[in-house]
Amino acid sequence: MATPSKNLLITMVAVFFSLALSAQEKVSKKISKTYDMTSAGELYLDNKYGDVTIQGWKKNSIVISVEIKVSHKKKESAEDLLNRISPTIKVLDNFISVSSDIAEKSTGFFAKYFNKANPFDFDRSNVQINYTVNLPANAELEILNKFGDVIIEDYTGKLKLDAQHGDVWINENLNNADINLKYGKLRAESINYGSIRLKNGSLNLEKSKDLRLNSSGSNIDIEEITSLEIYSSKDEITIDEVESINGSLEFTNMQVNNLDDEINLSMKIADFKVGTIHSSDASIIIYQESSEISLNIEGFSFNFDATLEEGLVRLPKSFKNVNTKMLDKGKRVREITAKYGKDTPGKISITGEKGVILLKD
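Residue numbers (our numbering): 61 to 421.
I should point out that these hints are in silico values taken from the structure, not numbers from a laboratory. Some hints here could point you the wrong way.
[What the hints assert, rightly or not] Calculated cross-link-like contacts (lysine-lysine; reagent style DSBU-like; alpha-carbon spacing at most 35 Å):
| id | residue 1 | residue 2 |
| --- | --- | --- |
| 1 | Lys389 | Lys294 |
| 2 | Lys402 | Lys385 |
| 3 | Lys118 | Lys135 |
Work the whole structure out from these sequences, hints included.
So this is what it looks like as structure tokens:
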């Protein structure tokens, strides 16, 4: 029978061996390079396994700093891997290309064959390659980054970004951005003109003038936008203020708190709500399949028409000149026309199959 003291000894030995096995040797190195670059310059940066921080400034130069950290159970293995990691920097006039390279262990024939079959001879969680770049604020910038975050500050140039498995912070007013993000969060203050492709992530954007958004499986929150072109699948979307929206929604929930001018959307098995319509001549055109649409029409005067196969339409009693015409009894297709308000400069037109249409005042 085990005594309490024996149990304690066994536990202490187990903890000791566990700590010994999990102990990691850590090594690192830093590299910094400076080059001439004007605001008309371009930087291409390709990185994996670390963060990229971009800092814009007014100087006609670029400083590229990289810190490489490696951990391993054996110090000699950590140092070997560290020595095999280095940035490759190519300079051509006002264009600079930077990539992170990890050399093979051996250059022999059998080693090359083995490395092709097994390209990763290390655990990526034990490698960190972090870049900090200072460059002219209006220079063009293209970044590819996997398994790390991207932080952009005081930069106002043209951005092209492809990121995976990491978050992105843009803390400045960008005039032009083309962003592809998978499995990460995007936080931005302002993107005047942009194209964003988002998969299984999230977007929090304060302001935009013209944005094309293609997203799936994401949470999206936009505070203020002038024109939005959207192609959405399985998203949760909230927009506080928008002038015009066009595109398509599939299996998506969208809440628009304030609409000014126009909606032109097709939707399938979606949930779409509008809180307030501000413009007197706003136009809302929707094609829907098996979707629920709820529009708050208080204070908005308009002509209404709907052509639906089956489905449900609910209109307030304050509607005028309500007419219903059966177009196809077999398919239960009917046409509904009506007017709302004193003058009718606005328009709401809904077509489709099934679904629920709710107009509330």
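Cross-check of the supplied hints:
1. Straight-line distance between C-alpha atoms of lysine 389 and lysine 294 comes to about 34 Å, which keeps the hinted pair within the 35 Å bound.
2. With a C-alpha separation of about 24 Å, the suggested pairing of lysine 402 with lysine 385 holds against the 35 Å cut-off.
3. Note on lysine 118 and lysine 135: the hinted pairing is violated, with a Cα-Cα distance of about 42 Å set against a maximum of 35 Å.
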